[in-house]
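**Student:** So the sequences go chain by chain: A and B.
Under my numbering, the letters of the first sequence match residues 12 to 378, in that order.
Under my numbering, the letters of the second sequence match residues 54 to 667, in that order.
Since the hints were made in silico from the structure, they are not lab data.
Some clues are possibly wrong.
Simulated DEER-style distance windows between Cβ atoms [to be verified]: (1) A/L226 <-> B/D167: 43 to 51 Å; (2) A/P208 <-> B/L97: 36 to 44 Å; (3) B/E169 <-> A/R104: 36 to 44 Å; (4) B/L85 <-> A/R230: 25 to 33 Å.
Each residue gets a CB set at the ideal place from its N, CA and C atoms; glycine is no exception.
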Amino acid sequence: MFDRRLITHFDWGLLALTLLLGCVGSVVLYSAVHAGGSVNHDGLLVRQLFWFAIGGGVMLFSLLFSYKRLDQWGVFIYAGGLLLLVGVMVFGRYGGGARRWLVLGPISIQPSELMKIALCIILARYFAKTFTGEGLRIRDLVQPFLLVLFPFILIVQQPDLGTAILLFIIGGSLTLFVGLKRHTFLTLMGAGLACVPMIWFFLKEYQKQRILTFLDPGRDPLGTGYHIIQSKIAIGSGQLFGKGFLGGTQNALDFLPEQHTDFILSVLAEEWGFVGCAVLLFLYLLFLAWSLNVAYRCRDAFGTFLAVGITVMNFWHIFINMGMVMGLLPVVGVPLPMVSYGGSSVVTMFLGVGILLNISMRRFIVD
Amino acid sequence: MAPGSDYLRNSENDGYRRRLMFLFGFAAFFFLILLTRLFYLQILQGDEYARLSENNCIRLQSIPPHRGLIYDRNARLLVDNRPAYDLQIVPGDARPMAEVLARLSELSGIPVSDFEERLERNRGPGYRAVLLRQDLERDVVGILSARRYDLPGVRIDAKPRRQYMYPGLAAHLIGYLGEVNAQELQRPENADLRGGDFLGKTGVERVYDTILRGERGGRQVEVNARGQVVRILQTVPAKPGASLYLAMDQDLQARTEALMEGRVGAVVAMDPQNGQVLAMVSSPSFDQNLFAKGIGTEEWRKLVENRHRPMENKVIQGAYPPASTYKIISAMAALEEGVVDSGTRFFCSGSHAYGDRNFRCWKRTGHGSLNLVEALEHSCDVYFYQVGQRLGVDRLAWYARAAGFGRRTGVDLDHEEAGLVPTAGWKRRRLGIPWQGGETLSVVIGQGYNLATCMQAAVMMAAVGNGGTLYRPQVVHEIREAGGNLVKRFAPEVTGRLPVTPENLELIREGLWNVVNRPTGTARRIRDPELDIAGKTGTAQVLSRKSEDEESSSRPGFEPHAWFVAFAPYRDPKIAVAVIVEHGEAGSAVAAPIAAEVIRSYLKSGKKADETGP
Chain A
12 MFDRRLITHF DWGLLALTLL LGCVGSVVLY SAVHAGGSVN HDGLLVRQLF WFAIGGGVML
72 FSLLFSYKRL DQWGVFIYAG GLLLLVGVMV FGRYGGGARR WLVLGPISIQ PSELMKIALC
132 IILARYFAKT FTGEGLRIRD LVQPFLLVLF PFILIVQQPD LGTAILLFII GGSLTLFVGL
192 KRHTFLTLMG AGLACVPMIW FFLKEYQKQR ILTFLDPGRD PLGTGYHIIQ SKIAIGSGQL
252 FGKGFLGGTQ NALDFLPEQH TDFILSVLAE EWGFVGCAVL LFLYLLFLAW SLNVAYRCRD
312 AFGTFLAVGI TVMNFWHIFI NMGMVMGLLP VVGVPLPMVS YGGSSVVTMF LGVGILLNIS
372 MRRFIVD
Chain B
54 MAPGSDYLRN SENDGYRRRL MFLFGFAAFF FLILLTRLFY LQILQGDEYA RLSENNCIRL
114 QSIPPHRGLI YDRNARLLVD NRPAYDLQIV PGDARPMAEV LARLSELSGI PVSDFEERLE
174 RNRGPGYRAV LLRQDLERDV VGILSARRYD LPGVRIDAKP RRQYMYPGLA AHLIGYLGEV
234 NAQELQRPEN ADLRGGDFLG KTGVERVYDT ILRGERGGRQ VEVNARGQVV RILQTVPAKP
294 GASLYLAMDQ DLQARTEALM EGRVGAVVAM DPQNGQVLAM VSSPSFDQNL FAKGIGTEEW
354 RKLVENRHRP MENKVIQGAY PPASTYKIIS AMAALEEGVV DSGTRFFCSG SHAYGDRNFR
414 CWKRTGHGSL NLVEALEHSC DVYFYQVGQR LGVDRLAWYA RAAGFGRRTG VDLDHEEAGL
474 VPTAGWKRRR LGIPWQGGET LSVVIGQGYN LATCMQAAVM MAAVGNGGTL YRPQVVHEIR
534 EAGGNLVKRF APEVTGRLPV TPENLELIRE GLWNVVNRPT GTARRIRDPE LDIAGKTGTA
594 QVLSRKSEDE ESSSRPGFEP HAWFVAFAPY RDPKIAVAVI VEHGEAGSAV AAPIAAEVIR
654 SYLKSGKKAD ETGP
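Pulled out of the complex, with its shape left as it was, chain A reads as follows:
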């Protein structure tokens, strides 16, 4: 039955923050596609707004049923995600040397994005069941490790090392949040440190080169190394107040590759300067704090872990994307939540927010 408390407890603040970030993204995207002048990318902006609408719709739809259903459906959602990834392997479309997209009629989706949410759900479900209040033991970690490993392998072979590693980072962060026994933690650290040289020893020369280039873009001055230099010039030249709306020159000249997707921050930084970036960082921090508050107020372990998982996912997206655009981290295909262009990423973010809203508004309902 429809409960009036669902409305009274609706988390308007979180929704408002999300939409605000979406607006920032649209304005920056407008700038990214318009300043060029020569090549018309107008379609991109329209498509992004279309994706916002789809994402919003999916989000509202997800509010109709309780997030506790996700606990029951977790296995199926996860299996569906894996199936889509296998589909990419078999029927996927090539683009830029990788196979990441699944073409469904007029749209193409990137199942690796949706997999992130599926992973949060299945891990929250597992930890909620095994959680006893004491730290996790090694044997408790076998199953979550495998749950991350399967999609990891499927995504690594696309190849998309960045997204694949992100799955491990999200899973690892959630595991640490749930808590480990001290000796479990130390054993894992030791094993991890011992494994790295072993793996390195077994890699082929070209694979080593690829990893070294991944870690240090300077080794690839014609590819990512060049992107990073242009990105740093764009950000740095924004200085304190930026060059103003549509005033960017780096972005205007098509220097920045993927300037509307993963490198969108450089457009924002160039036009709005340090002040603009600081405001964006503040909005994101507020968004994360709000999300953690949802986790805090939730009464059941599944909901708490799920909320933490989604928050952690958003946090790593923000940090890794910004770090990479500023030349602090390797260049990986990680979008900036709500700001980067990209259908699958927008829908995933909205879905995540939808789950948070769901957990928030049903916090007093005990069934």
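Assemble chain B onto chain A, guided by the hints.
**Tutor:** Below, chain B without anything else, positioned relative to chain A:
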């Protein structure tokens, strides 16, 4: 507050509270790192980056790789690269544009309207170079370089361009380059190419494109406000492509082309012991250098509309009725299926009645009584009508397929045709009508629905010569790095064996030797004891029904195609040849002398090489 809820808070949520607070602190700390980095880039280094952004100073220039060269089997250079100079302009740097263009036009003698047209067509982002003119003349390059300080945004880029040393020589085998099109750019193997790049469109230039291509290099440079390079930041050298050594012998190729001058058709010569293609001629030919420069529409139209189809490689793309050369297959099938043996004789009266039709022999007065060896020597049609009637089309088809007809030979060239070996089932599927017995009589002498390529005929003939082994024809012999180190040597590849016992093959070989060497053989006029050729003539009717005048001219445009297939020397074959001359009329008169001349040039030069060589 009730003790119950208090308990809830203490046991779980307050446990989370600490962790959630920690998580938030963690996130805030990482955000602080980002903010610090932003402060460093935008505030501390802001002025420097603002300067660099002023003119989009840091740019990427690509260094085109050196495409691999192509040699013949004796390491004679066939395809080279020469430096060419392209005139480019970066619109964002060329300010004021009109003035720069006017000065450029004055210095180079090229009208401004040409430039404006190119600029109009290539309206990209303002800092991407636009190609104004390809392949500038040397003196213009000199003048423009001397005045480059008056020409902001103007660049002259040296770019290797393909040069075919012997225009038209082996044009179909070697192929040519063309600008990459949108569809080709989509393919995964072309991920490193960009619009404006060249890639192989036909021949070995296409098949071995990824090997020849090499890897693009580039440099990061800093330019000044006029778009001129002031500093090279980083360079990645281009990697040259590997070179090809063809199996083809340039002398033999040139000689063969001279023999085909003025004729329409194809010749292929191969080494019967390993399948290497020694010469491959499709006539008429074309000049590949036209393509290397970027062919004009008028020239292109002329090539495409030529009714002799110069762009087609007739050796592998021309499918013709195999005519009497097919009797070699029919003889194999007849012997192996026990339809005839060496002693079986049929009487040829000049025609053969079957159903309500009378099937003629090419010799209207008849051959009298002959056995299989004699039937091959005289190319008697009636003998083979008898054979066909007893074999049936499907048994014959099995032998044809086993001998390599009706499927691609697998030569390392593109767009090979498979030809056609008809069966009763094929006709039912394709045309919806049942097979007629009379059609078998056409098929058995290589007329009717049969289609074969010159290459298939040569592969089959090479196998007859070498004792029955079918080889995959290979046009490339070795791949070597730019430095000369061997990357790959192609080993002979066996694709099958002729479906015939050694004794029966010996009978057929005897018949083929008689064709040339007996005073009554159909190709007696090319007899040369020194060469010791064995072969088979063929005269392919262009009209479906045999016309009244056999082996003599009929209406112009409908003259029969002339075939000759051969190997030599008889006992230890060193060369197998297949020749087809379109509308050449009788095989014996036109095609056989060409084949004999090809064999002569090769065997004579081979002797010389053997004497001087290792």
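**Student:** Are the hints correct? Go through all of them and say.
**Tutor:** Status of each hint after checking the structure:
1. Separation of A/L226 from B/D167 is about 49 Å and conforms to the stated range, judged on CB atoms against 43 to 51 Å.
2. Between A/P208 and B/L97 the Cβ separation comes to about 37 Å, which falls inside the hinted range of 36 to 44 Å.
3. Checked against the hint of 36 to 44 Å, the C-beta distance between B/E169 and A/R104 comes to roughly 39 Å, which is consistent with it.
4. Taken as a hint, the range 25 to 33 Å holds for the pair B/L85 and A/R230, whose Cβ atoms sit roughly 29 Å apart.
Hint violations for this structure: none, all hints satisfied.
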